Amino acid sequence: MQAVPEKPTTEELIACPQCDALYRVPSVPDGARLRCSRCHALLLAPRAGAVEAIVSLASGALALMVASIAFPFLHLGVAGLSAEASVIDTIRSYAVVSGLMAPLSVLLAALIVVLPAMRLGGLIYALGPLVAGRDPPRFATPVFRLAMNLRPWAMTEVFMIGVAVALVKIAALATVSFGPSFWTFIAVVLLVGAKDTMVCEKSLWRVLTRP
Amino acid sequence: MARSDQALTARAAGLVGCRHCGTVAPLGTELCPRCKGRLHSRFPHSLQRTWAWWIAGLITYVPANLYPMMIMDTFVTSYKSTIVGGAIELIHSGDAFVGLVVILASVVIPTSKFLAIAYVALALRNPRKVNPHLLHKVYEVVEFIGRWSMIDVFVVAILSALVHLGAVATILPGIAAISFGSTVIFTMFSALSLDPRLIWDTTEEAKRERSRPRRA
Amino acid sequence: MNDPVPGEPDIQPGKGGLLSGLSLIWLVPVVAIGITLAMVWQAYSDRGPQIEIVFDNAEGVVANETVLKYRNVDIGKVEEVHFADDLRKVIVSVRLDKSIAQYADSKAQFWIVRPEVSAQGISGLTTLLGGVFLEASLDEKPGEPQMHFTGLSGRPLISGNEKGIEFVLSAPSGGTIEAGAPIIYKGVSVGLIDRPELSADGKEVTAKAFVRAPYDQLVTTNSRFWGASGVRVDLSTSGLQVDIANLSALIQGGLEFEDMEAGGGQVEKGHVFSVYASRDAASSDTTTVLAGPSVSYAAIFDSSILGLSIGAPIQYQGLTIGTVTGTSGVVSGVGAAAAVEMRVDMRIVPGRLGIDGGDIEAKTASLMKDLVAQGWRVRLAGQGLLGMSLKVDLVKVADAPPEQIVQGPDGTPILPRTKEVSTDLAETARTAMNRLQALPIERIADSVAELLDNLNQVVASNAVREAPGEVVGLVGDLRSVVTSEAVKGAVSGASDSLTSLSQILEQMREGGAVANLISIIDEANGIAQSLDQTATGLPQLTEKLSNLADTAASLPLDKLIDQADAVLASANGLIQSPGVQGLPEQLGATLQELDKAVSNVTGITQRVADSTALTNLLAALDRTDSISRSIDQTSQGLPALVDKINAVASEAQALPLDQLVTSATDLVNSANALVSSDDTARLPAALGSALDQVAAALAELREGGAVNNLNTTLASASSAADAISQAAARLPELANRLDALSQQAQGVLAAYDSRSPFNSQTVTALRDLSVAARAVTSLAQFIERKPNALLIGR
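Residue numbers (this note's numbering), protein chains in the order written: chain A, 1 to 211; chain B, 1 to 216; chain C, 1 to 794.
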């Protein structure tokens with residue numbers, strides 16, 4: 001009852017992270033997708049050149065992120081008065097009002113800037129050397145795991161939707177125009193999204209720990 | 001039906017599966033042999049943690065609705081809006097569609113998130129009536145949608161950063177923003193604390209319960 | 001049941017490598033890095049220098065928000081506000097635009113713009129809504145960029161960067177020089193005066209002054225500056241002109257200037273001008289124009305030179321060409337003919353006669369010789385109508401006996417004199433006009449009335465009862481003349497009489513009427529004397545008439561005419577009386593002449609009545625009335641406004657939001673209506689002060705907002721209402737204070753060029769205000785339509 005017939009090595013087995021169902025995994029062709037037959041959770045979706053694509057998209061997104069943060073992304077004009085806001089202004093806006101709100105500014109900084117940047121940097125750190133055909137760096141394992149764990153907390157795309165909502169709210173009242181970093185921020189969101197579709201954690205772990 | 005609901009779980013096979021890399025190891029292994037992540041066959045105290053975060057979220061959700069989310073100072077007056085009040089007034093003023101969208105994002109999603117987590121957590125106590133597919137769907141939706149509630153906090157931040165027009169109009173974040181932000185974070189933790197494998201464990205328990213009377 | 005076995009996962013067929021071709025994907029980071037680097041590089045290369053400006057007080061300056069403007073264009077932004085080491089100053093760090101950096105040299109000036117209402121107009125109104133900003137004054141020449149500047153306390157009056165001429169005004173006291181007061185040329189403000197400073201020795205007050213291009217050409221070395229009183233009444237044949245040099249001059253004074261002499265040279269920067277008390281003082285000062293080389297001459301007079309002082313002018317056709325340098329006596333003749341004649345030494349400045357170049361002495365001598373040959377002679381003449389002082393005139397005497405310039409004992413050429421000593425009224429008419437303006441016409445009228453009273457007493461006395469009835473008629477006529485419209489007009493409106501006088505003078509100059517008149521009056525005097533003989537009991541009347549004749553001869557023409565008129569009327573009556581029938585034939589002719597003169601006068605009076613001056617004046621007075629009414633209306637309107645504000649505040653404390661917004665809109669609407677109503681528009685000055693109050697109220701509102709305290713907003717709205725309430729309470733007082741001003745100002749403004757700077761400033765300010773008010777109103781209306789629109793969008 002407990003034993004598995006023709007007991008496969010643990011290397012060949014995989015457990016569904018959602019429902020714990022156990023599968024024996026043959027070698028999976030690139031581009032194929034393995035799904036749990038019980039809960040339809042994605043098990044494996046190896047892709048050819050995924051590592052390379054992930055590293056390049058991540059580094060592109062990281063570079064644009066630098067530009068997106070510092071420059072104003074919205075410009076407001078009404079009755080001869082004007083104002084503009086950058087991502088940094090937005091993050092600071094809570095702390096400026098009162099010290100009580102300062103934790104919220106810290107949270108915003110984490111969700112919009114720090115954590116997404118850590119994710120991208122972590123991926124580049126862990127996977128970058130693989131692209132160049134070298135061994136994974138020393139802390140590749142914990143760094144990659146951290147990058148994966150941070151996924152729900154990186155809210156770049158949520159922030160972008162927030163920008164859109166804010167835009168709708170004040171568009172009727174004032175003239176709103178986009179600053180340069182608005183577009184780079186959109187590019188960041190798109191690149192991160194493209195990268196995320198490339199990421200199959202389990203496949204990447206296999207690549208990363210390939211002897 | 002039976003095939004898709006019933007499967008050999010890693011636990012049943014005396015193994016523990018890593019949630020990160022899918023690697024299996026014998027039960028009791030502390031660290032994943034591949035990714036060195038901590039291995040848990042099931043999250044320890046999963047439901048307790050879920051409830052704890054859930055309650056914390058609910059507590060902070062109260063001031064989030066009572067206090068103003070955003071304060072608008074204009075030349076003429078100073079106006080404070082709460083989450084619900086703002087959406088309701090929007091509907092009153094004729095913008096029903098936008099009002100509904102705002103209500104959906106700011107009111108329905110957070111509250112349904114509470115309800116959904118509570119529903120899943122409560123349903124797990126009664127394995128026989130559980131439809132694991134439905135529960136799993138609900139769980140996935142909650143996990144996916146949780147972070148989008150953060151939009152409101154972002155919008156307030158953007159508006160207060162942008163609207164600084166001297167005496168004409170200035171927007172300031174209200175105290176509710178910090179409560180609402182906490183609520184979102186807490187409910188996200190609550191959802192993450194819930195181990196989805198528990199949902200599927202119910203199928204085994206249900207089967208066991210069903211088979212027991214038959215043997216007897 | 002089978003033991004569970006590891007299942008077979010679903011395998012979906014592969015779609016082929018997404019990126020089988022290796023390196024296209026690497027374009028993504030390359031492009032991304034390129035974009036980022038480009039943005040960073042652009043930002044860095046566009047980044048101008050950071051300059052530090054030191055202020056005493058940085059009220060309203062907010063880091064990352066307050067901008068630096070030049071000609072109303074943003075050229076920088078405040079990045080930081082911090083204290084100097086000793087806390088005595090505030091240092092504002094400003095990031096300049098790169099394109100501007102090279103102009104931020106040692107000539108650049110910076111100051112903080114705040115709303116300001118002054119006699120020059122209203123400025124900085126936009127800062128009420130948008131907060132303060134810094135303003136820069138830069139010159140057009142790039143220089144060595146500076147990093148540290150000292151901010152000015154306010155907008156500099158003279159920036160030093162505008163085109164024009166900068167010079168120094170010097171006055172014995174500071175009263176005539178006031179900071180910011182305009183410099184006026186022909187009623188147009190062409191420049192302004194900086195803050196006056198006491199000179200180091202404490203003897204005079206100096207101030208920098210600036211006249212902007214192109215008017216700087218008008219300032220020459222011969223320009224004279226004098227304090228403009230604000231109002232000037234001008235009389236000319238074209239009628240009465242009440243002229244206010246400039247409204248701001250009326251409020252805070254100002255300096256007018258004019259070239260008193262032709263041929264002035266270009267003024268260099270820093271030239272020092274004296275400031276005269278009045279235009280007369282400016283025009284009569286000859287010390288500067290008579291500088292330069294001079295030639296000595298002398299003249300011998302046999303009449304008294306009492307009143308001729310050293311420094312008295314030598315005039316040629318009214319042009320001062322020299323001054324008296326000394327007087328002495330010379331013995332002439334011997335024996336019975338021995339006499340002491342008066343020698344007057346003078347210096348004549350040939351430059352004033354247009355003689356320049358070398359050898360001016362010979363040229364002058366030759367000119368003088370020619371003039372004398374043509375009949376030009378020197379003579380003594382009275383200065384001014386009432387003045388006892390004398391001057392030396394060079395006049396052309398018709399059919400003068402030929403004379404020559406002779407050499408005096410000391411070699412000084414002696415100019416031949418003419419015996420004719422005339423009080424040529426026409427010649428001194430201009431001075432007379434000035435003096436007439438100062439004449440107390442009402443007092444003259446009073447004295448006429450007194451005369452009448454005396455006459456009345458005489459007539460009522462028993463002695464006169466016996467006098468011929470014609471004398472009673474005379475008194476009646478006199479009274480009717482004095483009480484006639486013409487005289488009433490003269491008393492009530494000084495200007496009217498002055499106008500008539502001006503025209504009378506014109507007539508006199510033309511027809512020699514004055515001389516005739518004087519002789520007529522002399523004859524009337526004679527008549528009176530004969531009346532004295534024929535009709536006893538009238539010595540007092542005769543005396544009065546005699547006085548009247550004297551007065552008339554000596555000056556006040558207004559009275560003179562009236563009295564002459566009356567005398568004529570009575571004389572007419574007398575002539576027709578049997579007692580006088582036998583008077584000489586000559587009297588009849590004289591009377592005819594007098595009649596003619598009087599009809600002239602009447603015609604003149606008629607013309608004055610017909611001229612538009614009176615109607616202008618009346619219209620101006622009418623407008624004054626309407627202004628007063630507008631002020632009343634405004635002050636009546638304000639309490640209502642205050643009530644509304646109070647209502648808003650009380651509603652705000654009790655009522656739901658939408659009602660609050662509605663009342664707020666009402667408030668703004670009524671404020672807007674008040675601001676844009678015709679009444680208010682016609683009240684620039686009153687508005688100016690009212691704006692002060694509104695500004696204070698707005699400042700309170702702003703502070704209420706700036707505190708960001710949720711709970712104090714209502715309190716601040718209430719205090720704003722209080723402030724406006726105080727403003728309203730002060731308004732009647734304000735109205736009173738402004739009443740006199742506006743009475744003069746309004747009519748003048750209307751008669752005045754409507755494009756004068758103050759008018760346009762006022763209009764601009766009003767337009768600014770109404771634009772701002774409209775913006776606020778539309779915002780309020782928007783909020784009213786869509787409550788809390790800002791919060792929930794749409």
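It should be emphasised that the hints constitute simulated quantities derived from the structure, not laboratory data.
Being a predicted model, the structure only gives us computed values, none of them experimental.
Heads up, a few of these hints could be off.
[What the hints assert, rightly or not] Using 20 Å as the maximum straight-line C-alpha spacing, the simulated SDA-like pairs for lysine to any residue come out as follows:
#1 77(C) <-> 171(A)
#2 69(C) <-> 153(C)
#3 77(C) <-> 37(A)
#4 141(C) <-> 153(C)
#5 36(B) <-> 37(A)
#6 69(C) <-> 37(A)
#7 207(B) <-> 75(A)
[What the hints assert, rightly or not] Simulated restraints, written as ranges between beta carbons of each label pair:
#8 99(A) <-> 46(C): 18 to 24 Å
#9 77(A) <-> 38(B): 52 to 58 Å
#10 44(B) <-> 93(C): 54 to 60 Å
[Stated by the list, open to error] From chain B, some residues computed to sit far from chain A (all C-beta separations above 12 Å):
#11 10
#12 11
#13 41
#14 47
#15 48
#16 49
#17 71
#18 121
#19 122
#20 155
We put the beta carbon where it would ideally sit given N, CA and C, even for glycine.
#### Entry: List of violated hint numbers, smallest to largest
Checked against the structure, the hints that fail are numbers 1, 3, 4, 5, 6, 7, 8, 11, 12, 13, 17, 20, while the rest are satisfied.
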